[in-house]
Structures are given as structure tokens and as C-alpha cells.
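Counting from 1, position 49 in the sequence shown corresponds to residue 49 in our numbering; the numbering is continuous, with no gaps.
Honestly, the hints are just simulated from the structure, not real lab data.
Any given hint could be a false lead.
Label pairs and their calculated CB-CB ranges [as the list claims (entries may be wrong)]: (1) 292 / 99: 25 to 31 Å; (2) 28 / 116: 42 to 48 Å; (3) 126 / 147: 36 to 42 Å; (4) 211 / 99: 24 to 30 Å; (5) 270 / 137: 32 to 38 Å; (6) 260 / 139: 37 to 43 Å; (7) 139 / 236: 39 to 45 Å; (8) 137 / 211: 33 to 39 Å; (9) 71 / 94: 28 to 34 Å; (10) 220 / 41: 39 to 45 Å.
Note that the Cβ used here is the ideal one computed from N, Cα and C, for glycine as well.
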Amino acid sequence: MAPPEVTVVESRSSGLEIIDLFQKFGSRVAVDHLSVTVNAGEVVGLVGRNGAGKTTTMRSVMGILTPSGGTVRWAGHDVTLRDRVRFGYMPEERGLYPQMEVLKQMTYFARLHGMAPDAAGRAALNWIRRLGLDGRERERVVALSHGNQQRVQLAVALVYEPDLLVLDEPFAGLDPSAVDSLSNVIREVASQGRAILFSSHQLDLVERLCDRIVIVDGGKALASGTLAELRARVPQRLRVQVANPTEWWARLDHMHVLSHDGEGVRFDIRPGDDTEEVLRAATAAGPLQFFGFESGGLAELYRELVAS
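Hey, can you work out the whole structure from these sequences and the hints?
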């Protein structure tokens with residue numbers, strides 16, 4: 001199966017711009033005026049539940065869907081088919097030929113994106129090694145484990161050294177060692193100046209990998225920024241643990257109690273709240289075991305934004 005000839009354009013990447021993207025299917029709005037920027041060398045994560053609009057956004061970037069409105073731009077101009085030759089895409093569902101051998105598959109996709117035959121073969125072998133697929137070059141994709149199929153899918157997206165990498169749930173179903181391996185590859189690729197847009201339900205991974213994060217729900221961006229910027233939107237959490245199990249906090253009825261369990265009482269501290277008053281009430285109740293602030297994480301902010 002010979003791939004079509006493609007003219008490769010030299011990279012002019014300064015980044016991806018998704019501007020006011022709108023996508024409607026019948027009466028259902030899938031993406032509602034969403035704007036996202038991914039600069040060269042940056043990893044940006046889309047976070048949201050199923051149906052939030054993440055996959056639709058990525059398909060619009062790749063040209064699989066034509067937006068109902070808005071613009072997708074690359075390197076300062078409206079994205080073209082020639083630009084997309086330099087985009088790598090890892091869809092959530094399999095985008096591979098199941099009966100084709102791993103090496104042939106990767107070489108085919110490299111050729112499809114304009115690489116010469118010898119260069120395509122060398123690049124395929126390089127990514128087979130880097131992604132831990134040594135010894136599986138002649139195996140058919142259908143015979144591989146789920147984790148190794150994921151590795152091949154990522155390798156196919158990387159084999160022609162794209163300027164933009166679009167990864168839809170790349171860590172789904174992977175064991176921890178495979179997650180670590182793929183995470184390292186993603187950070188390495190970004191450090192080489194490539195722009196990366198990816199989605200994931202695994203918020204701990206998003207926190208670890210991303211330079212910036214966009215929380216999406218109902219097709220809209222509820223919040224975006226660096227992890228530090230997003231954490232700053234979460235009110236401070238004060239945890240207090242007293243040896244005396246009585247409900248000493250009940251008298252602080254003007255304070256907002258988030259939870260109380262075996263690890264103590266957690267307060268949502270808002271402007272004007274008097275933490276010294278909490279300390280006095282706690283020490284009056286019994287021996288103080290813990291009194292300190294806990295930083296809110298991405299999962300906490302995500303739950304708050306989606307709930308509201």
C-alpha cells in the first residue's frame with residue numbers, strides 16, 4: 001500500500017491558536033466559543049468529563065471536523081492541509097491497521113507524511129527503541145497488548161517529528177510503568193520545541209505534565225492557566241486535628257466546615273475569617289495534634305467549577 005506523495009513544508013511553528021471555536025451537531029452544542037493557545041515547547045492539557053468537548057476540539061484542530069464557527073490558526077495564519085502534514089495525532093480510539101506489522105505501520109505513516117523511504121525506516125526503528133517496542137517490529141498490531149498498542153499509536157504520531165502533537169487520552173488503560181515511560185517521552189518532545197495539546201481524565205498526570213491547563217465543561221472553558229494560577233483560585237484549606245473527639249468546631253458556626261473525619265476538621269478559609277479564633281477553640285477542646293494549611297489541587301478546583 002503505497003502512500004500518496006506529499007510535499008513537506010519547513011516548520012514555521014510559533015504555536016497553535018484555537019479562537020472562539022464553535023461546533024454544533026443538530027441542536028446540540030458540543031463546543032461553545034472555546035479559545036486555547038499552545039505555544040511551541042509547551043504542554044497544554046484539556047481537562048473535562050466525557051462529552052465536555054475535548055475530542056471535538058481536537059478533531060477540529062486536525063481537520064476531521066469542520067467547525068461551525070471560529071478559527072484554528074497555526075504559526076500566525078489559518079491552518080491549512082500543508083500545516084496538518086506537520087501535525088501528529090493520537091486519537092482516543094485506535095487509528096491503526098490491526099493486521100499490519102508494527103515496523104511496516106510506522107514506516108507507512110512516516111512516508112504518508114512526506115519522509116523518504118530510508119529516513120522513514122530509520123525513524124521507525126528509532127521510535128520502536130525509544131518506546132520500548134524492541135523485538136516486536138514484525139508483530140501485527142492486533143496481537144499486541146493494550147499498553148503496547150498505545151505505544152505504537154504514540155509512535156505513529158511521533159515518527160515523522162511533527163511540530164504539533166495532539167493526544168486524546170494517551171494514558172487510558174496504561175499501567176504505571178507505561179504511564180511514566182510515555183510521560184517522559186512527552187516532556188522530552190516538548191523540550192525540543194514542539195507544541196503539545198493533550199486530554200486526560202487522570203488529573204495527577206495533568207498536574208505533573210502540563211505547563212498550562214484548560215478545564216472544559218459543556219464545551220466551554222471554565223478556567224485556564226498554569227497550575228499555580230489555578231491553585232490560587234481555590235480557597236485556603238485549614239486542617240485542625242484535636243485529640244478530643246467532641247464536636248468542638250460546632251460553636252464556630254460562622255466558619256465554613258468542609259469535612260470532619262479521622263484526620264481532623266477541614267475549614268474553607270475565606271477573606272475575613274479569623275484563624276486565631278479557630279486555634280483558640282481547638283486548644284480549648286484538647287491537645288492539638290495538627291494545625292496547618294493544605295494547598296488545594298486541580299481535582300478540587302475541577303470539582304468545584306463543574307459543580308457550579
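Status of the hints after comparison with the structure:
no.: 1; hint: 292 / 99: 25 to 31 Å; in the structure: violated, 58 Å
no.: 2; hint: 28 / 116: 42 to 48 Å; in the structure: holds, 45 Å
no.: 3; hint: 126 / 147: 36 to 42 Å; in the structure: violated, 20 Å
no.: 4; hint: 211 / 99: 24 to 30 Å; in the structure: violated, 39 Å
no.: 5; hint: 270 / 137: 32 to 38 Å; in the structure: violated, 59 Å
no.: 6; hint: 260 / 139: 37 to 43 Å; in the structure: violated, 54 Å
no.: 7; hint: 139 / 236: 39 to 45 Å; in the structure: violated, 53 Å
no.: 8; hint: 137 / 211: 33 to 39 Å; in the structure: holds, 34 Å
no.: 9; hint: 71 / 94: 28 to 34 Å; in the structure: holds, 30 Å
no.: 10; hint: 220 / 41: 39 to 45 Å; in the structure: violated, 27 Å
Comparing the model with each earlier hint shows violations of hints 1, 3, 4, 5, 6, 7 and 10; every other hint is respected.
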